[in-house]
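J.: One-letter residues, chain by chain:
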Amino acid sequence: MTTPAETVGVYARQPARWHWAEVAFWIAALASAFLFPSRYLIMTDILRLGLFALSLDLILGYAGIVSLGHAAFFGVGAYGAGLLALHGLVTEPVLALLVAALAATLLGFVTSFLVIRGVDLTRLMVTLGIALLLEALAERFSDITGGTDGLQGIEMAPILGLFEFDMFGKVGFFYSLAVLFVLFLLARRIVHSPFGLSLRAIRNNPLRAAAVGIPVDRRLIAVYTLAAFYAGAAGALFTQTTQLASLDVFSFERSADLMLVLVLGGTGYLYGGLIGAVVFRLLQEGFSTLTPQYWQFWIGAVLIAVVLTGRERLHRWVRLVPDFLSRSRAKPKLGAIAPTSDPS
Amino acid sequence: MTSLLTNLFDGVAYGMLLFVLACGLAVTLGLMNFVNLAHGAFAMAGGYVCAVLVNQAGWPFFAALPLAFVSSALIGVVLERLLYRHLYSRSHLDQVLFSIGLVFMSVAAVDYIMGSSRIFIRIPAALEGQIDFFGVGIGRYRLMIILICGLLTIALQLVLARTRFGSRLRAAVDDPRAAIGLGINVPQVFALTFAFGCGLAGLGGALSAEILGLDPYFPLKFMIYFLIVVTVGGSSSITGPFLASLLLGIGDVAGKYYVPKLGPFVIYTIMIVILIWRPNGLFGRTAAR
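So the protein sequences, as listed, match chains A and B. For the first sequence, the working numbering assigns the number 854 to the initial residue and increments by one for each residue that follows. For the second sequence, the working numbering assigns the number -5 to the initial residue and increments by one for each residue that follows.
By construction, these hints were calculated from the structure, which means they are not laboratory data. Note that CB positions come from ideal geometry on N, CA and C, so glycine has one too. Hints may contain errors.
Claimed, not checked - Cut-off 20 Å, straight-line C-alpha distance, at most; resulting in silico cross-link-like pairs (DMTMM-like, lysine to aspartate or glutamate):
1) A/1023 to A/1008
2) B/255 to A/1008
3) B/215 to A/1008
4) B/215 to A/996
5) B/255 to A/1165
6) B/215 to B/126
7) B/215 to B/204
8) B/250 to A/1008
9) A/1023 to A/1106
10) B/215 to A/945
11) B/215 to B/169
12) B/255 to A/1002
What the hints assert, rightly or not - Covered stretches of chain A, going by a simulated chain B footprint (3 or more residues, C-beta under 8 Å):
13) 913 to 927
14) 971 to 983
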């Protein structure tokens, strides 16, 4: 006979175990490097976008914070990494990535106090405002950022002093994949921890979460700061693998595209951003070959179609297969405590 | 001194224009609580209709203005009936995604049809140049904008406060369920209001081609300005957004003139500070729903 607390524990730990589909996902990611050796650049792009979307998923999917200005942290990470490499402050890429991401984290921590205040609409405006503010600043201080020309002539040192970036982007791809995987493991650990569960409680009902003793504001500040770190890392990867940082890292389109990426993949299960990144880039490629100049039209159409179909419905379709598999495996154990709603 | 007054005048004209552009959004976002980031697309539509009529069909400028209003209102009512009304009860995230999608589509569509460069609307010769008013240079076009927008504002205030439609709208916004119970056709009121707001945006778009510039990226470039007007102004009356527009217009013109190095920085900072200080806007009434 188990106590309710133990049963809850079993139920909470159950999704934290590695499912074989997850293992297959990462094997497929690694295998794609050998399957499409000529497409390293776009695959690296997908990895960066996936990491960036993962960052948004942390605050949107797990804490329910809607942000229209997530590019702010991406941009800080990108310019941070660019400046570090350009001025030779921190030449080793992994270390530079960390430093740049920490700069974004600092910004995330400071701005989180502004973001946790107010309702959805205020959050939208404040996040959007912060990104626009940074874009204006970057344009203004062109002696540091290079203005509209962006940072040019960035030379990357070999990773860990061993692996030189090559012109086909092979090293860049494996580097990005490694960074993504490590950060993904960290995120996975975090969202399945009691901390992650408390975030979900806050997302579902902040008032009730506060009533059961969760420090809502502190948790939101923590996760927002964490998401800023992830976005900063994605930005740093962007600069390091493209050796370029320009004003458009802060642009509204980047934040807006990011939302589409996450919505395509589905929120609140971490893989959404990664799957969404693949789907988004493939769509973009497809539309670009169809109409080179006007692919945004079709991206917009996809957004509207997704919303009108209903994100939840789409999400259910995406999860049909993994859900079916996990249900047939794990249901009997739960017995006494039947979940009343979908935990995701 | 005179440059100060000229700047003030320009700022007022700019602010009035922003008000006409954004007051439709004050209703959808402020009153109906629908986050419509695509409001600028309706303004752009009006601007381009006016440009085509004046430049290509040879219509007089003042005859094309009402058509800019009508065409944007028509587009508005069609989209409202087809798409928007399904999303009133959805989450803000859905509304944001939907309206961003609409913005992307409108940008690409206008780019495809009209080309990506900035277009100008030929304005009548009577509106060009400046009048010298006790040493203060006053642009004729801006004077006209102040006149038109001022009249519109007064008319709007009267419609909202004095007419039966105005009271229906206020009732529908305050409590839709009670309003339906009283026999008010709430969806119809919303649709009409939405269309009217879009029409005003279209008119504003046509008027603004001369001052703000009109190109396919108009909805993206000015989205933040419209949002500032509504969120800073609050939604209790149209006085709030009106004052906010004036503040924004004067602040922006003055900022660009006196501290050009800081540019839009000033505006964004002020907006963030105000939103932190008063999340419901400077002239807000109650907690946002």
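J.: Each hint should be assessed against the structure and marked as holding or not.
T.: Quick rundown of the hints versus the structure:
no.	hint	verdict
1	A/1023 to A/1008	17 Å, holds
2	B/255 to A/1008	31 Å, violated
3	B/215 to A/1008	34 Å, violated
4	B/215 to A/996	25 Å, violated
5	B/255 to A/1165	46 Å, violated
6	B/215 to B/126	33 Å, violated
7	B/215 to B/204	16 Å, holds
8	B/250 to A/1008	37 Å, violated
9	A/1023 to A/1106	28 Å, violated
10	B/215 to A/945	38 Å, violated
11	B/215 to B/169	34 Å, violated
12	B/255 to A/1002	18 Å, holds
13	913 to 927	holds (count 3)
14	971 to 983	holds (count 11)
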